[in-house]
Amino acid sequence: MFHILFALATGEKHGYVIRREVEANTQGQIKLGPGTLYGTIKSLLVAGLIEECEERPDPKLDDQRRRYYRLTRLGWRVLQTEFERLAYLVDLARARQVLEPMG
Amino acid sequence: MIRPGEDFRQIETSIAIYRFLLQAYPASFRQEYGRLMVQLFRDDCRDALQINGAKGLVSLWLFTGIDLLRSSIKEHIRKTGRIPGRRFEMSESFAIRQVSVNRREFLNMAWMLSLGFLAVDLGAVTYLFTLPLLGEGEFGSKFILGRAGDVLPPPGGTPLNFPKGKFWLSRTHDNRLVAPYKVCPHLGCLYNWNEESNQFLCPCHYSQYKLDGTVMRGPAPRSTDRFVIRLLDESGAEVAATDDEGNPLLLPNEDLQVVVETGMLIAGKTKGIDYPVG
Chain A
186 MFHILFALAT GEKHGYVIRR EVEANTQGQI KLGPGTLYGT IKSLLVAGLI EECEERPDPK
246 LDDQRRRYYR LTRLGWRVLQ TEFERLAYLV DLARARQVLE PMG
Chain B
62 MIRPGEDFRQ IETSIAIYRF LLQAYPASFR QEYGRLMVQL FRDDCRDALQ INGAKGLVSL
122 WLFTGIDLLR SSIKEHIRKT GRIPGRRFEM SESFAIRQVS VNRREFLNMA WMLSLGFLAV
182 DLGAVTYLFT LPLLGEGEFG SKFILGRAGD VLPPPGGTPL NFPKGKFWLS RTHDNRLVAP
242 YKVCPHLGCL YNWNEESNQF LCPCHYSQYK LDGTVMRGPA PRSTDRFVIR LLDESGAEVA
302 ATDDEGNPLL LPNEDLQVVV ETGMLIAGKT KGIDYPVG
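The listed protein sequences correspond, in order, to chains A and B.
Just so we're aligned: 256 in this note's numbering is position 71 of the first sequence, and the numbers increase by one with no gaps anywhere.
Just so we're aligned: 66 in this note's numbering is position 5 of the second sequence, and the numbers increase by one with no gaps anywhere.
Keep in mind the hints are simulated off the structure, nothing from the lab.
Heads up, some of the hints might be wrong.
Just the calculated beta-carbon pair ranges, DEER-fashion [as the list claims (entries may be wrong)]:
1) B:T74 with A:G196: 31 to 41 angstroms
2) B:R131 with A:V231: 10 to 20 angstroms
3) A:R262 with B:R131: 24 to 34 angstroms
4) B:S175 with A:G196: 36 to 46 angstroms
5) A:E208 with B:A88: 40 to 50 angstroms
6) B:G196 with A:E237: 39 to 49 angstroms
7) B:T74 with A:A232: 31 to 41 angstroms
8) A:E208 with B:G114: 12 to 22 angstroms
9) B:M325 with A:T195: 55 to 65 angstroms
10) A:G196 with B:D294: 51 to 61 angstroms
Keeping only pairs whose Cα atoms sit at most 27 angstroms apart, straight-line, the calculated DSS-like set for lysine-lysine is [unchecked claim]:
11) B:K330 with B:K243
12) B:K116 with A:K216
13) A:K227 with A:K198
14) B:K135 with A:K198
15) B:K243 with B:K225
16) A:K227 with B:K135
17) B:K135 with A:K216
18) B:K243 with B:K227
Quick caveat, the model's predicted, so the values are computed rather than measured.
For each residue, glycine too, the CB sits at the ideal point set by N, CA and C.
One chain only, chain B, in its complex shape (with noise of 0.2 angstroms):
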């Protein structure tokens, strides 16, 4: 989430960057204009903030920065006449011959303008850089699901689907929450809920688990492997959270907020070593 605060400093920063490349354009149009455009840059990178945030501005930048070539380009030939560093003269009827650029003033002007589309690249990837690699809501991210007793299904009732987080969402008869990871241990497909039999069915091999990942019959070596959950009381402090051997954790009461950590994978325990093979 980017705070109010945030924006409107990364507005002012792209201002202030726009301000200093007007540059680029001949005194006179600057002059006219030069408030016209900052204010309408102001515009865009309100719009871009609020419409797709950070990455808005960046591809704002981007477009900004081409435009800013061009039509520079274009009021230096509309005042000279020529394109700068040809001899030839444009058209009678676009011309509106002043004072010409020399060829100093044209390499002044091609020298600022290149530094400072390299401020301008170097400010945008050193901006993207900052930014977190995965966002909330990405695999291998934190799936924040919301309060429990708005999400969660009864106990022993059906898991949840979170084919984007690649895990169910297991909730015991004895009120325990599991995440198992949607890969079968065994030979990686993706094992299925079966609504008949009441546990989890891989369609490859028929490994069975129960409700809660353990594995019951097939060729899996071990039980699913199950991501960390939190659970994060109204302030957010975390008051529980999945145990180093990944056992079903015991949800208190109904208010607290669940969240799967799909970074931190445990490895189911394995048949056998673990516990007996029943």
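Extracted from the complex, chain A is given alone in its bound form (with noise of 0.2 angstroms):
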């Protein structure tokens, strides 16, 4: 979810496209299959922080069937949320120095 979320955040983008950048964020350590893609983009529509694009990005390139998504503002505001709460949970680390400092 929050990979999704994450490959959102610079732009609008379709299915294919998503999953893409998020094999290519996690260096192919998650991979999406259509069914697990598209359930989770129906439970971040449900809960309201992704939305369908209702004009197209590009008409050149365009593909009439594909669907395009987007964050909206809540969505946007939980993943800023969620990278606070990661760089604090690092910071934290580094402060007791459980985090073994990075080469």
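Make the complex out of the two chains shown on their own, each in a separate frame, by following the hints.
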């Protein structure tokens, strides 16, 4: 879920591109199948974190059958909060010297 | 090599199966996202075939099958608010209760799902069986070396080493080709080319062979075994091939393609029987 939000943070995207980006961002660790991807997208839509785009980003590159998604304001805030939480945890781990310093 | 037309057929078959398997999902989910999922799967098929060929398609099916199973169960839970077959309810936040699946529907679904997986399994295994066991460039199969003039050493030059094919490729002074098997016929060591003495030399017991694989000295009972070489013209028609006795094959011109058949091994001639000991 977090990774899909993350992928959408850099712009509106459709399913195939979202998945490619998730795979790239996690260095191939997370591979989403069609069912998992659209299942998660549905959950995010229901929770109001993302929405479908009405207008098409680029009519020239467009494929009518694609559906584009983007973050809602709520989704954006959730993503920010999550990043802050992660950053706080990393800082905390450093301060307590639990995290090994990066080479 | 897979031709584009074949690619297309494989993709269409896979998509037809996938479309059928979408029945595992609740109808509402299928209506909303089925088309998109099929499209995504089509992209996957294309990518998999492009990158890894048929093997890529098989592993894609394994991956997608697991995805299908997991996410379809998840969608049913989401729809009914409970795990099929169990009585308790899921947490409120995730449950969007509409219609619940009754026992019969659940059993139908499970049955269809298992049938679907059986079909995919059978299909994948059958497909794997139709693939050739050995690809080109694997030991036991063909090695296509290329145009004689481009790949071969000059007549009498250092023989080419093909570790993967387990053979040397020699071109003799009188312009004949031999592909000696790297294993010494004495006790099975791998012999090497020795540049100073201009002959093959086995490090184990010093058997010595000429460039064309004929045994000169040492304990080896016979000349080196050799693979069949074929010479093809531009159209792929065979012009010449190593004879049944494994004699060096004359290279009539430099434009021919050289192919070594590592599945066809001919024993070297025996010392003292096939020719007098020198």
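Now the hints, each set against the structure:
no., hint, verdict
1, B:T74 with A:G196: 31 to 41 angstroms, "holds (35 angstroms)"
2, B:R131 with A:V231: 10 to 20 angstroms, "holds (19 angstroms)"
3, A:R262 with B:R131: 24 to 34 angstroms, "holds (30 angstroms)"
4, B:S175 with A:G196: 36 to 46 angstroms, "holds (41 angstroms)"
5, A:E208 with B:A88: 40 to 50 angstroms, "violated (30 angstroms)"
6, B:G196 with A:E237: 39 to 49 angstroms, "holds (46 angstroms)"
7, B:T74 with A:A232: 31 to 41 angstroms, "holds (37 angstroms)"
8, A:E208 with B:G114: 12 to 22 angstroms, "holds (20 angstroms)"
9, B:M325 with A:T195: 55 to 65 angstroms, "holds (58 angstroms)"
10, A:G196 with B:D294: 51 to 61 angstroms, "holds (56 angstroms)"
11, B:K330 with B:K243, "holds (16 angstroms)"
12, B:K116 with A:K216, "holds (18 angstroms)"
13, A:K227 with A:K198, "holds (15 angstroms)"
14, B:K135 with A:K198, "holds (24 angstroms)"
15, B:K243 with B:K225, "holds (11 angstroms)"
16, A:K227 with B:K135, "holds (12 angstroms)"
17, B:K135 with A:K216, "holds (17 angstroms)"
18, B:K243 with B:K227, "holds (6 angstroms)"
Taken one by one, the earlier hints fail for this structure only at number 5.
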